[in-house]
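**Q** Given chain A's structure and the hints, the job is docking chain B onto it.
Residue numbers (the numbering used here), protein chains in the order written: chain A, 1 to 433; chain B, 434 to 777.
Hints listed in this document are in silico derivations from the structure and should not be mistaken for laboratory results. The structure displayed is predicted, hence computed values, not measured ones. No false leads were mixed into what you were given.
Per label pair, the in silico range of CB-to-CB distance: (1) A:Pro433 / B:Glu522: 45 to 55 Å; (2) B:Ala569 / A:Gly396: 29 to 39 Å; (3) A:Ser226 / B:Ala569: 19 to 29 Å; (4) A:Thr219 / B:Asp722: 27 to 37 Å; (5) B:Glu468 / A:Thr380: 36 to 46 Å; (6) A:Gly256 / B:Thr577: 27 to 37 Å; (7) B:Leu526 / A:Ser362: 34 to 44 Å; (8) A:Ser323 / B:Leu723: 22 to 32 Å; (9) A:Ile415 / B:Asp722: 48 to 58 Å; (10) A:Ser323 / B:Asp722: 17 to 27 Å; (11) A:Gly256 / B:Tyr574: 27 to 37 Å; (12) B:Leu452 / A:Thr219: 45 to 55 Å.
Among the chain A residues that face chain B by a calculated CB cut under 7 Å, a handful are: (13) Asn93; (14) Ala95; (15) Val98; (16) Leu106.
Built from N, CA and C at the ideal position, the CB exists for glycine as well.
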Amino acid sequence: MRQKSHKVLAVGAICALAAVVAGCGSSSSSSSSVPGVTSTSITFGTHQPLTGPAAPGYSEIAPASQAFFDYLNAQGGINGRKINLIIKNDEYNPAKTVTVTHELVLNDNVFGIFEGLGTPTHTKVVGYLNSSKVPDMFVASGCPCWDNGTAQPYTFGWQPNYTIEGKILGQYIKEHFAGKKVGVFYQDDDFGMGGLAGIKDEVPASQIVSTQAYQPGGTNVAPQISAIKAAGAEVLVDFTVPIYTALGQLTSFTLGYKPQLVVSNVGIDPITVGGLLKTFSKGKAGTELIEGAITDGYLPSSSDSSNPWIALFRKVHSQYDSSAPFDGNVEYGMANAYTLAQSLELAGKNLTREDLVNAVNSMGSKLTGPGLVPFRYSTTVHGGYSGVEMGQVRNGQIVLFGGPLVTEPTAGTPITPYTIAQPAPPASGVSVP
Amino acid sequence: MNSALARMRLPGNSLARSLLVVLAAGLILFLLSEELGAFNDLQLANGAYYFAALAGLTVLTGLSGQISLGHGALMAVGAYTVALLIGDEHWALVPALLAAVLVTSLVGIAVGAAASRLRGPYLAGATLAFAIGLPALAEQYPDTLGGANGLVINPPTPPSWLGANFPLERWEAWIACIGALVVLFVMNNLVHSGTGRAFRAVRDDEIAASLCGLHVGRVQTVAFIASAACAGLAGGLLTVVLQLAAPGAFELALSLSLLTAIVLGGLGSLVGAVWGAALLVLLPTWTNDLTRSFSLSTNVSNNLPLAIYGFVLIAAMLLWPGGIQAGVRAVFSRLRPSRVTGGT
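Isolated chain B, as found in the complex:
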């Protein structure tokens, strides 16, 4: 019934359809942010920028078949761009975020061109080196990049028409969610466009794809640039939410947890990226609350969240090898036939 209803209402044009989905998601997020307290608004903001990064990565890995262990570093590029432009040059928020996307895309061209020549473990190795090497630049140039101390920006001020007591956390959530919705819109269209089909063709069989006239290296580079642009926006949003760009925010663990999140959520699926972002934000809080309610010793409670995370990862991979989204899809498809017979 539901899907039949949706099929009737959704316009045939893919662009308009995407727009409708994004507007619906935006409305839900808006109502959600109004309901939430300050801490959950902050979690929503964190989830939104994680989604932006994950959406790019899941398209890169799931659709074009390239693995990247370096997305944390691409986020760092976006984050430092925003911190420098807002902190030192006093740019407004939106141009600074656009600049972050642009600069990270340029870095994406360089890394993507190199990446398109590498396969499998070599590609993983190269992007891993990028993830480890790039944040160290900040420590190499402490005068401009602030060293380990990082760069600080002022928190974004909610516009005055929202009222004097409008919570900062909600404003941050709005900014980050708008960023995430833009990413959702663009990536959803990209996935369903000719370029998206080219990604999949290259992923499935490079020789067959090139016989069809596709330039494999170019397609892979385009995928990497799109993915880098998303990571750059995510990094910029992170700076706006944390009001800080510091190498400590872009450790290797970030790149690795981005990768695990898209696998857990469901590789190649934008909805999977939503699940992944939710896991990245909620799981640490839940496990922390859990360990605290058992009043364990500090040594145990410090390491337990990581252990639980590992356990969830193993359990999810055993139960749903295709990720959470595949599990949800399986449940839906099991429900559907019975509903059809019931309806007719």
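Here chain A stands alone, though its shape is the one from the complex:
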């Protein structure tokens, strides 16, 4: 008898669950023709590492973008629409990225995803976003995998492709550290491998004595750094997120290993890495462990206060985002937000998802803004900036030198100087060609 009443309960419970879930279903269904767009607003969503191994530094990026949208919204927005950004934490955990992206698209009905951060994370949702025809604007990662307008028409990269960056860093190593042994410390995914491919394209194979990968999440990098030291590398190239740049340098310091450091622009922001070094060493070390490191940049250095773009971003920062330090991450978030606002302006008042994609396809390569180099966008090319300028950490700040260089990610394409000067920012709003 008890058993039978259990069965009735079981069916009852499923019915109750059905009622509850069905109740949510009806409330979230939307009747508007274009998701996320009203006459006065447009809503984007993003997945960000607000906690977890990539959070230090990177957690400032999306709030900085939001601050720049707030600045534009205060002036009336773009085409009369205020830009909203829903930020969800994925902890740099690919499984969480999948969940929060589904939530953003299906439950929050966003117009598109903007600035989704990370290579291991965002690669897991590119297929979904493209099959659902959701604009996937300006991924916060330089993975070469975004650069495929044919297979992924809705996904656009923004920062320079890691292979482009690797090639330009590689050329510098070839010219300035000729004959020296090179070791590469890289993240074990398309980020690190993309960078490594660029380095290998320029640096002779005989010069590269050791390549060592790390898995994001662990904290012990001594095996990798020891192996690079044992191979006798005199130049250490890092394709690392900030926390692993700091861990790598602390390990090198402990091992008494002092190679010439070369670091990808994503892993060198001195305020972020310096802060991490200070935390990990309990105040005993700081930016001096990355002093003299060779790196690159595609935006003006965040410490270059004479640059009018930095002045603008500082103004927005002090008004809308003052709780974060003004560093390269904040600059990144604002510069990327500027590009999105330009694209929305180009896409026009009667906005559909396709309009935004078409606007970047046709006009993206003509956009100018805080970048030192032009974008590469076309219908087939969806990679972002076409190059970088070399830089070095001097007195705890990044100093760019030598002028911007541009190239293509394909092996063997030449690296050429880019000489057109950066325009000044408009007094208000965004300027489009």
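**A** Relative to the frame of chain A, chain B by itself:
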């Protein structure tokens, strides 16, 4: 009235009765999935694979009295099996899921044999070590297991007779729900079989059980294997729904939330597992919506869902120490006598 009606209609044979319940549940789930939008279909799919794992765990902990903090790792075994077989070997879905059940059962034999020798905190400790250690294997062998980056599979394609515009989320919900119904059928029969009675005997008194001729260790191992098989299927379904097997999906938090879900739902009860699965899926969404509607600062809104979850856990344990299902049962039994007198 209702229960009297059900008593009349349900056949006496326990196997046929289970089948009838499963078919009824299947019909409800089918109609439900047709009504729901894409996001809720996805939630249904998530709930279904959680149910599969919870059903196994609630039988293990509630009926055979063994605690496991390692079920997240068993799900990982199933998930990676499916990801490798579908991704690299291009197996079809059903054989891959069956293989996931088989492989996880084999792992269950090893872990279960060890577990049957341990009691209480030692068993918890051993399974905890398993939960922490196993997903790290993926990072140890990045070439085969993809490291922290994980393994990706293509989404399952709905068959063409369902039409070109059949939503993927509904298809995923169907796959996961069929898996969950199979688990419901098998576990419901197991619970009401001689083996199920042996589980309970061993749980209640090991000495008395062995005096009755039961091999305590063997019974416990069987319970662990059955439970592992469910977790393996759940992990495989998770891979199909997320199209991803990555260590980040099987963190320790998963094992712990599975355990809290069966306690919250009602230990030892398959209906309790349904409540538990619903909580695991719906609670985070509700708390997220709640925190968003108050437009709190990011730091607060990031941590609030976890705080609310903790609060619900404490409140439920105070109100219904036997879990939600015990609470529902109490309400039903309070209603029943009045109905009987009213009827006669």
